[in-house]
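K.L.:
Sequence:
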Amino acid sequence: MELVDEIRSALDQIKAAGKPSAGLTETTGLGMQSGLSKGPYDEMLIEELELSVRSYNCLKREGVETVGDLVAKTEAELLNTPNFGKKSIDEVREKLLRLGLKLRGE
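Just so we're aligned, residue 1063 is where the sequence shown starts under my numbering, counting upward by one.
Hints listed in this document are in silico derivations from the structure and should not be mistaken for laboratory results. Predicted model only: the values in this text are computed from it and were never measured. Ideal placement from N, C-alpha and C gives every residue a C-beta, glycine not left out. It is possible that some hints are incorrect.
As the list claims (entries may be wrong) - No farther apart than 25 Å at their CA atoms in a straight line, the calculated lysine-lysine pairs in the DSS-like style are these:
no., residue 1, residue 2
1, K1149, K1135
2, K1157, K1135
3, K1148, K1164
4, K1122, K1157
5, K1135, K1148
6, K1135, K1122
7, K1164, K1149
8, K1135, K1164
9, K1122, K1148
10, K1122, K1164
11, K1149, K1122
Said to hold, decoys possible - Computed Cβ-Cβ distance ranges for the label pairs, DEER-style:
no., residue 1, residue 2, range
12, R1160, A1134, 13 to 23 Å
13, E1156, K1122, 30 to 40 Å
14, E1127, L1159, 14 to 24 Å
15, A1072, G1147, 28 to 38 Å
16, D1104, E1168, 31 to 41 Å
17, A1138, L1159, 27 to 37 Å
18, E1064, A1138, 30 to 40 Å
19, N1142, S1071, 34 to 44 Å
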């Protein structure tokens, strides 16, 4: 969780400076949401989300390598992934919410 705390701290500093990064869309009290463009999570590997083995393997098979790749997906796109169902969607949403992020279209 140290990385998450560091990222949140950096986001707080950006907000305090009144200079949000280009391409970031603010949400109410949760930090940033989907639609990141060269944001702090674009390079964050999905391994750092600590997903279940099933969810992680399904995402990797679909070529999802980073959190940026993940938030670019819609729920429907993820549900079309073999062996990736409602439970996996709920898990991904929970992990993204902790970072103040959402799937595309939410």
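K.L.:
Take the hints in turn and mark each one as holding or not.
P.N.:
Here is what the structure says about each hint:
1. Note on K1149 and K1135: the hinted pairing holds, with a Cα-Cα distance of about 16 Å set against a maximum of 25 Å.
2. Taking the CA atoms of K1157 and K1135, the gap is near 15 Å; set against the 25 Å cutoff, the hint holds.
3. Our distance criterion of 25 Å between C-alpha atoms is met by K1148 and K1164, whose separation comes to about 16 Å.
4. Distance hint between K1122 and K1157 is fulfilled; the C-alpha atoms sit about 16 Å from each other, no more than 25 Å.
5. Pair hint K1135 plus K1148 holds up; C-alpha atoms about 15 Å apart against a cutoff of 25 Å.
6. In summary, the hint linking K1135 to K1122 is supported, as the alpha carbons are separated by about 13 Å, within the 25 Å threshold.
7. A hinted pair counts as satisfied when its Cα atoms are at most 25 Å apart, and K1164 with K1149 qualifies at roughly 16 Å.
8. Between the alpha carbons of K1135 and K1164 the distance comes to roughly 10 Å, so the proposed pair stays at or under 25 Å and holds.
9. In summary, the hint linking K1122 to K1148 is supported, as the alpha carbons are separated by about 18 Å, within the 25 Å threshold.
10. At roughly 19 Å between alpha-carbon atoms, K1122 and K1164 fall within 25 Å of each other, so this suggested pair holds.
11. Taken as a hint, the K1149 and K1122 pair is honoured in the structure, with Cα atoms around 17 Å apart against an allowance of 25 Å.
12. Hint check: R1160 to A1134, Cβ distance near 18 Å, so the stated range 13 to 23 Å holds.
13. A beta carbon spacing of about 19 Å between E1156 and K1122 contradicts the range 30 to 40 Å that was offered as a hint.
14. The given range of 14 to 24 Å is respected by E1127 and L1159, whose C-beta atoms sit roughly 21 Å from each other.
15. Hint check: A1072 to G1147, Cβ distance near 34 Å, so the stated range 28 to 38 Å holds.
16. Take D1104 and E1168: their Cβ atoms lie about 18 Å apart, and the range 31 to 41 Å is violated.
17. For A1138 and L1159, the Cβ-Cβ distance of about 19 Å falls outside the hinted range of 27 to 37 Å, so the restraint is violated.
18. Under the hint 30 to 40 Å, the C-beta atoms of E1064 and A1138, about 34 Å apart, fit the expected range.
19. At roughly 36 Å, the beta-carbon separation of N1142 and S1071 lies within the given 34 to 44 Å, and the hint holds.
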